[in-house]
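Each protein sequence line maps, in turn, to chains A and B.
Per the numbering used here, the very first residue in the first sequence carries number 1; after that it's consecutive.
Per the numbering used here, the very first residue in the second sequence carries number 1001; after that it's consecutive.
Derived from the structure by calculation, the hints contain no laboratory data.
Quick caveat: nothing in here was measured; it's all calculated off a predicted structure.
Any given hint might turn out to be false.
Below are the DSSO-like pairs computed for lysine-lysine, each with C-alpha atoms no more than 27 Å apart in a straight line [as the list claims (entries may be wrong)]:
no.: 1; chain 1: B; residue 1: K1342; chain 2: B; residue 2: K1402
no.: 2; chain 1: B; residue 1: K1064; chain 2: B; residue 2: K1458
no.: 3; chain 1: B; residue 1: K1170; chain 2: A; residue 2: K85
no.: 4; chain 1: B; residue 1: K1170; chain 2: A; residue 2: K87
no.: 5; chain 1: B; residue 1: K1060; chain 2: B; residue 2: K1456
no.: 6; chain 1: B; residue 1: K1342; chain 2: B; residue 2: K1352
no.: 7; chain 1: A; residue 1: K85; chain 2: B; residue 2: K1114
no.: 8; chain 1: B; residue 1: K1114; chain 2: A; residue 2: K87
no.: 9; chain 1: B; residue 1: K1170; chain 2: B; residue 2: K1105
no.: 10; chain 1: B; residue 1: K1319; chain 2: B; residue 2: K1456
no.: 11; chain 1: B; residue 1: K1270; chain 2: B; residue 2: K1288
no.: 12; chain 1: B; residue 1: K1112; chain 2: A; residue 2: K87
no.: 13; chain 1: B; residue 1: K1060; chain 2: B; residue 2: K1105
no.: 14; chain 1: B; residue 1: K1270; chain 2: B; residue 2: K1342
no.: 15; chain 1: B; residue 1: K1210; chain 2: B; residue 2: K1288
Far from chain B by the CB rule (all over 12 Å, computed), these chain A residues [stated by the list, open to error]:
no.: 16; residue: A33
no.: 17; residue: A36
no.: 18; residue: G55
no.: 19; residue: P61
no.: 20; residue: D67
no.: 21; residue: D95
Just so you have them, the derived chain B footprint on chain A, three or more residues with Cβ under 8 Å [what the hints assert, rightly or not]:
no.: 22; stretch: 41–52
no.: 23; stretch: 76–86
Note that CB positions come from ideal geometry on N, CA and C, so glycine has one too.
So you can see what is in the structure, the chains are spelled out below.
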Amino acid sequence: MSSAQWCVVALLGLGVGWMVGVAGGTATAAEEAPPAEMAVEGRRLYARHCSHCHGIRMVNPGNSSFDLRRFPQDDKARFLTSVTKGKNTMPAWGDMLQAEEIERIWAYVLTGGKS
Amino acid sequence: MKGILGAAALAAMLTALAPAAGLAQSAAELQRGAADTKNVLNYGMSYDLQRYSPLAQIDKQSVKRLVPVWNYSYDDNRAQESQPLVYDGVLYVTTHSATMAVDAKTGRQIWKSKIEYPPETPRIVCCGIINRGAALYDGKLFRTTLDANVVALDMKTGKELWRSNVIDWKAGYSQTVAPLVADGVVITGISGAEYGIRGFIDGWDPATGKHLWRTYTTAGEGEPGAETWPGDTWKRGGGSTWITGSYDPALNTVYWGTGNAGSWNSNTRKGDNLYTCSVVALDPKTGKIKWHYQFSPNDFFDYDSVAEMVLADIPVNGKPVKALMNANRNGFFYVLDRTDGKLLAANQYGKKVTWADGIDAKTGRPIDSEVTQNLRATEKTVEVWPSTLGSKNWSPTSFSPKTGLVYANTLDIGMKYTPTREEYRAGATYWGADIEWVWPQGPRGYLKAIDPATGKSKWEAPSDIPRFAGTLSTAGGVVFTGKLTGEFEAFDAETGEKLWQFQTGSGIEGQPVTWEQDGTQYVAVSVGIGGVYAIFSGDERLASVPAGGSLWVFALQR
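Pulled out of the complex, with its shape left as it was, chain B reads as follows:
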């Protein structure tokens, strides 16, 4: 008996060790997150999506000596929003049309694996033909495709190992999301809430691509929450899941945000419309929902809640809390207890918010303003702030445990909003409203250093054309981000003073990352204009910004 067990244990050990000869990204490595400064193994720099690095070679003084080390062309004119991953001296990057491995020191391409999808697919993609990045695990790279397939590539060669179809793209489903690997499961979301989809989150077997589970984000017949949808509106109710969730290994819980309900005219679907505009806490092995919190019930305004659910252990009212933080598109900054979804704080961080008078601390529900009450009653045109772009769009925030502040590229844009009654047509948009922009007198965006407890800014760095890039914070006291006009920028995390910038040649919508190799700290960011603001805002000041995707890597001048 002992001998048999011993053999089984040995076999298991050998299986576990087998990939180590090549490329091993074990669960333990993925959990190290930002503490592993030699690699960037997670979307969001670590499972908690803090986008914070303990590296400090580049600091407030030395950042002035930051210079480009190399540039790598994506050979692609679409928007670039992908976050690079780094493992063992190799960068792994994605566009909508290719996956690439690049030598981190030289910038030379190691392999490139092209993605083919039907040329009609962009018809069902609302807001930029993009991809947000990959996940690494056990020698494989996982990514999604615009036409809704999850694929696994061999990290060494780029060869496709498996491909699993998620759903028929022709019905309005697409994918741009970077997968998450949690508890040995590849987890992916879906896009298409503007096309009358029914949203979901999927779990896949990393070894084979076998579909393990699907959790829908609109509650259907017989499911808890079904009563929040009239008739069969849940079938086209939206609730997309296009931004990667966070993961707490200790609680073994994944936190995934959900998108707007469809169509936008919420009078056509009276009820809370669970689980749209929410965060759902999931068991990664089964996809079972442990708890949910809904930010914007019966949402009228396209206030997606997909954006990053940042995990941090922070003091709230003097007590340490396992918190989940979210700078919501609806203009409020939320702090939840991530063990049970209880609301701890919800304060306005958006410059101008007129759709709600506040968030009821007891019920966790927004208090409709007069504007929203009138809209629900009459369906007549209203001016409302923020616009469908939100007080912050998808652009990921970073959280510095050193300053306790959240660094967010925020927007100050309103809209005239007129609900319509849209007839569903498969593969066509299902807006349900006409909008026109209302611009502020001054800047349209601010990089803000937000106190999560109050929503108030410690400092703000305005920009006439708003920023849509991610932010990165470091122990060197520097915050990196970029502009749609091409400047890659560094700010003082304490004061907001601009310390450095470099013109990259196209608009920046990417997500900066940092790592160290052989004693040098590197910073990388994808650049390339063409996302939601460039397409939708009609901001003609961007006409002078050329398209052209590429990857920049920076380090201090020696």
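Excised from the complex, chain A in its bound form:
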């Protein structure tokens, strides 16, 4: 199962636009889709800072931490606030991650973990 998922890396360019198209659903969201290389960097940052709670490639049953694949893709502001200031049981990362790093992680979240 997971092997197949990792192969999806090859479909990265296609994947970003496709995911936003499907999940975000609006033309605005598609226009705002960040460049693919941002998502690749975001994936690395996600693996280092986020995966130990939100799961490898965001695959997570969602019973002890938020399932990021279900994060509303048209609500970037909410994402930035949650990461910077923390939310519920999630700690704040504002003093640890740079703003541009959080942007990259957002780019990765928009891929639904498929990049």
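Please build the complex by placing chain B on the supplied structure of chain A, with the hints as guidance.
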């Protein structure tokens, strides 16, 4: 002269007797372990960590009448891996956010003492926001906190008596370990080998919290074993100590397992990397290492060796031996002579093990398989078994002297492993590898009844979603454990037949215990999903298991 001595002796006697008016957990009581069936005073049910009880009211037949007596809410949605302690009719339990005393008969809370820690602390905790339990001694309860403090509470009131900071959590250090009290010293370990820490074990004065000693688990400059680390890699070399050690009072020796080396890419730290992935035998008064045995030198795969070092006097090759047993994460079951650390047996118990072809009986070292040889040579992606979760993760085993078998919740999971070169960043993970899971065709886990001499199973009880709970064995011939889907289970220790189960409402990652009070045998277990498998595996079949920590207590229906 005689008079003076007499007065001194009297004073000493009075000092010793003073706590008896309230709550006395003397060294002698702690040593009774499982033989004291009215109490559960030790992590692991006794100093030897056998998790075996001589109680037999609940047996293979009567277990079918086991029913819940009460349930106590932890008011907490994190994973619950804490082992309850029982003393004089009171249960003492911990979560990451509180310590609680509960009346064993009624389930009513006697006191609750909340734990505060900076909300950023979970950033440096890799595998579940948890606590594994407390230690009791001399009227005090000792525990650790996520942000690396050892605290002592008054057992009667829950009032904090002292608090000692272990180290700055911001550098990646955290604590989930249940302390051990051995030879009058409170001993604690540390977590954080995924964050570039330098591991250690500490000794504390139970009366005051004064720091008595620290023994590092990575050998630094000028220390024996320093030559096994290139440059200053030992400074971030891992070797965490997050599971409570065992203790042999007769040998006055503590046996503590050590975690993986960091980062995972072992080509960045060529050498054996002492004392990571080892067991160290310590003098509890000084922390001095008497001997060590390293299971996985220069470990590539996160094969922590922290899990329980079980002590038992068993026959090996027909001769009685003071043994130390360990179902190691690396897939091999080890039997050592605990008097000197000599290897007696090391046999594969993991279903599939591809990183090593075996353990050299003479040198005690693993024989690298072709897979591992290639990885060391090229640093290119390999498929290897077991995964970083190991053939068994932290889930504690039990040993029944009656059957001579070790009951272990084992895993059958592989991984595609790609080493990376990680740059150290304080307070961030320091993995040093990318992994992806490789799942087996069938079940991902088995409860196994393992013969320690051969590593072979007498029976196996498979589970599609692997079990991550501890096991408990009893003289009634029953093995208790639980599933991540919430079933608390009882098995026949001889045959593996499932005898009974009860749905507890959340996933079980706790450590069952048993005791008797007023002629009734009770069994207790903490439940609550959210540990390493729930978080990391991406097993979406667990989506239907609600979070929610609580404590269940069972007894036979009258």
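These are the hints, each one checked on the structure:
1. The hinted pair formed by K1342(B) and K1402(B) meets the criterion: a straight-line CA distance of about 25 Å does not exceed 27 Å.
2. Between K1064(B) and K1458(B) the alpha-carbon distance is near 23 Å, which keeps this suggested pair within the 27 Å criterion.
3. Distance check on the hinted pair: K1170(B) and K85(A) sit about 17 Å apart at the alpha-carbon level, within 27 Å; holds.
4. Restraint check: the Cα-Cα separation between K1170(B) and K87(A) comes to about 20 Å, which is no more than 27 Å; the hinted pair holds.
5. Between K1060(B) and K1456(B) the alpha-carbon distance is near 24 Å, which keeps this suggested pair within the 27 Å criterion.
6. A hinted pair counts as satisfied when its Cα atoms are at most 27 Å apart, and K1342(B) with K1352(B) qualifies at roughly 26 Å.
7. Proposed proximity of K85(A) and K1114(B) is supported: the alpha carbons are some 24 Å apart, at most 27 Å.
8. Distance restraint check for K1114(B) and K87(A): the Cα-Cα separation of roughly 21 Å lies within the 27 Å cut-off, and the hinted pair is therefore satisfied.
9. Distance hint between K1170(B) and K1105(B) is unfulfilled; the C-alpha atoms sit about 42 Å from each other, more than 27 Å.
10. This hinted pair checks out: K1319(B) and K1456(B) have alpha carbons roughly 20 Å apart, not beyond 27 Å.
11. Between K1270(B) and K1288(B) the CA atoms are separated by roughly 26 Å; this keeps the pair inside 27 Å, and the hint holds.
12. For the hint linking K1112(B) to K87(A), the alpha-carbon distance of about 26 Å falls within 27 Å, and the restraint holds.
13. As the CA atoms of K1060(B) and K1105(B) are separated by approximately 24 Å, the hinted pair is consistent with the 27 Å bound.
14. Our distance criterion of 27 Å between C-alpha atoms is met by K1270(B) and K1342(B), whose separation comes to about 25 Å.
15. Restraint check for K1210(B) and K1288(B): satisfied, since their Cα atoms lie roughly 18 Å apart, inside the 27 Å limit.
16. Every C-beta of chain B lies more than 12 Å from that of A33(A), the closest at about 25 Å, which supports listing it as non-interface.
17. Under the 12 Å C-beta cut-off, the non-interface status given to A36(A) relative to chain B holds; the minimum distance is some 19 Å.
18. A Cβ of chain B approaches the Cβ of G55(A) within 12 Å, the least distance being about 5 Å, so the stated non-interface status is violated.
19. The beta carbon of P61(A) sits about 4 Å from the closest Cβ of chain B, which is not more than 12 Å, so the claim that it is off the interface is violated.
20. With a least beta-carbon separation of about 8 Å from chain B, D67(A) fails to lie farther than 12 Å from that chain, contradicting its non-interface assignment.
21. Its beta-carbon lying about 8 Å from the closest one in chain B, D95(A) breaks the requirement of being farther than 12 Å from that chain.
22. Evaluation of the coverage hint for the stretch 41–52 of chain A: fulfilled, as 5 residues show C-beta separations to chain B shorter than 8 Å, against a requirement of three.
23. For the stretch 76–86 of chain A, the proposed coverage by chain B is not satisfied: 1 residues have a C-beta within less than 8 Å of a C-beta in that chain, short of the threshold of three.
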